[in-house]
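Novice: Single-letter residue listing:
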Amino acid sequence: MAKQRNIAIYGKGGIGKSTTSSNISAALSELGLKVMQIGCDPKSDSTNTLRGGRFIPTVLDSLRSGKRVETSDIIHEGFNGVLCVEAGGPEPGVGCAGRGIITAIELLRQRKVFEEFKPDVVIYDVLGDVVCGGFGIPIREGVAEQVYTVSSSDFMAIYAANNLFKGIKKYANSGGALFSGIIANSTNLPIQREIIEDFAASTKTTIAEYVPRSLTVTKSELQGKTVIEGAPESEQADVYRVLAKKILSNQDRYVPAPLDTDQLKDWAESWSDKLLEVRDSPSHVKCELECIVPGAEPIVAKPRSQRIPVAKVTAPRKTAKAKG
Amino acid sequence: MTKDQTPHLVNAEIHLGDATCPNREERAHGINVYYGKASELLRDARSGNLKQVDRKFQQTSGCTLNFYLTVRVNTIRDAAIVYHAPVGCSCPSLGYRELFQHIPTSMGMPENYDLHWLTTSMNEKDMVYGSTDKLKATVLEAQRRYDPKAIFILTSCASGIIGEDIEGAVNEIQPQVRARIVPIHCEGIRSRLVQTGYDAFWHAVLKYLVKKPQKKQKDLVNVASMLSYTWQDRLEIKRLLGKMGLRVNYVPEFASVEQFEQLSEAAVTAPLCPTYTDYLSRGLEQEYGVPFFMYPSPMGFSGTDGWLREIGKYTGKEKEAEAVIAEEHRKWDPKLKAIQEEFLHIKPNGEKVEVLGALGQGRLLAQVPYFDELGVKSSAAMCQDYDNLIIDELEKVIQQVGDFDILVNTFQAAEQTHINRILDPDMTLTCPFQGSAYKRLKGVTRVHALRGDPNLWAQQSAYAGAVAYGNFLLQAFKSKSLQQTMKEKTADNYKAWYFEQDNPLYFRDNDEPVVS
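Note that the protein sequences, when read in sequence, are chains E and G. 299 is the number that our numbering gives to position 313 of the first sequence; each next residue is one higher, with no gaps. 329 is the number that our numbering gives to position 328 of the second sequence; each next residue is one higher, with no gaps.
It is worth saying that the hints were derived from the structure and are not from the lab. Note that the coordinates shown come from a computational prediction; the quantities given were computed from them, not determined experimentally. Among the hints, a few may not be true.
Stated by the list, open to error - Each computed EDC-like pair below joins lysine to aspartate or glutamate, with the alpha-carbon atoms no more than 16 Å apart: (1) G:K397 - E:E180; (2) E:K155 - E:D246; (3) G:K126 - E:D246; (4) G:K126 - E:E77; (5) G:K348 - G:D427; (6) E:K53 - G:E173.
As the list claims (entries may be wrong) - Far from chain E, some chain G residues (derived; all Cβ distances over 12 Å): (7) R44; (8) T133; (9) Y315; (10) K490.
For each residue, glycine too, the CB sits at the ideal point set by N, CA and C.
Chain E with its partners taken away, still in its complex shape (with noise of 0.2 Å):
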């Protein structure tokens, strides 16, 4: 058997991440393999469109419950037979949800899962701002090898990659993991596709696979399936089945370069005139309004000329302050 592929999907909350994960892991399933996803997220929702919607308990939820915790606990077997693992963590706004992933990472290597699940590939579907070490966990030596980020053209989403990259560049050197490529979500119009180059290129990373949205991703998680489950004969499920297999056979890693905060200030500045120009052309609204919701009424902004002037603001200019 090939050795284990461990790899790690990061994205910033509500980019599609786990939607993404569950698919690839459907998708890969198909191709015969064994593949197990570990949701590394509080939500602990990474796994619902493989089990019917359905929730299951934790590792840390097991944990609590302060009897010996066997696999069978943690371990759900979903969809084609993946296997589903949710870290779990504690309620909004109390304890550390950082540490709730060291502790369940460290105890499904203590109860040696993968040993005994032997699967051919694992996933960890990780909440991406990678806000402190907890959540840098799945990147550093000994957990995956090989990392991809789910990002649309948002600035958000484009800052939490950003931060993953810098993440990345930090353990590299001492056998971390190292970056595969954006797999870049909701990129459905040409300039969508543009800003998420530029960005790769700053950052000299590469593009795994461009994804669009698509009503058919939501009406089979409505079902609670993955659209290679709910819609396996869609276009959207060839989508996800091409990523899959791209992800197999990319053996590519490398260490990103991040932007700095200026640089990062700077590249989002260059393109905020680009898109008011997008924004304020009616047919770019129609186009994209049309993707999301076929058939829907566009609605379309005001010519340039009727809109109420807005001040232009900048940045005060720093001044050289006086000595003494």
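Take the given structure of chain E and dock chain G to it, following the hints.
Specialist: Just chain G now, kept in the frame of chain E:
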């Protein structure tokens, strides 16, 4: 009354609406890494250039929780203490036995004194999920077991990092608990300066324990004492103030909860250590109009004279103070003279002997002039920390005794060994807590004893203490066999190259200011 008029140097106002105090770094630009002339330190402090920096190498140190905040809170009678912490953080409570077990009850040590000590024993699960439920259960258990008047909660790094809602838990559970719950925010990570722990303690005392005055007690003097005042000092100060017709309200050690409640009723808050007492003194004045003074401390003859006069002023006992001062001088002056005489003759050429002492910053201000009184020279000092609370007084000391070298560090034994090697004083005076085991041919002894030492010769406060410590120091000059044996039988702790560096702060990290 001493009041700091320089808000950019000291943030004097106390906000009892807040959960806790600012740290000393924030409140008074505190530092614990410095080496230079005292005049340079003063100049840097005045110009706002003092910066707390890191060390590239650091030996063990204290934290705001465990540097003897715990043993003090432990001694408060009719109270219980709850650590919201992993179990190890509570082990300084054991110091209670080490420090106080030798004090006989005949000297006023409370009989059948029990240690009421609980911990939430935070573990992995508690870190992940939060453990205010456990904290509430522990407080309830403290109430059930001991039925105390107050329950102190001491927080820890662990509870602080995960942002436990201590105040929320206290507010929720207080209606079910008869004891007053007093949460103290002494998370070790808050500050490099152990003094922050004391401020946090006083903040909690002011916020939760002190009551509005029922009636003012004109003969009551608040005295907050630090650990380096011995049991005999306590008795001596009680005796002196007693002769003036005054009563001492000693906090925190072995105080009852009621004593804390009536801090607001006292005539004045007097210092033993100005920077230890500072937060309490300011708070009592701000909230209840209890006046305070910061200097002098009752150490050495002139220090004690000044201290008694200040108290006399606030209590309307000026005459009584003068009478006590005169009477005590009659008794003790000849004894001080005899000591001075002996010190004069230690060195054959008539030079003064040179001592190098490790001191808290408050003690530094009092002790350097006291050495001067003894006829002992102290051309350098090792100080645990420095902050702007003492800025004016430091200036006075420099004017009074001249400039001196100052090494500011908290328990850094290597740095202290280094400065001792360089300056080579005739006698090194170590703080019993400084962890500094020196090996040197010239003498080593302690700069002060601890609260738990009940012996008469361990006295160091007021006139009797000035004489007792003078004699103690003389004794150290006469007895050298321990040093000789140590020097012969043991190897150096540090390698020769370190001593070849011209600065004990060789490991100062010059690049990274951590607090601006």
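Novice: Check the structure against each numbered hint from earlier and tell me which ones fail, lowest number first.
Specialist: 1, 3, 6 and 8
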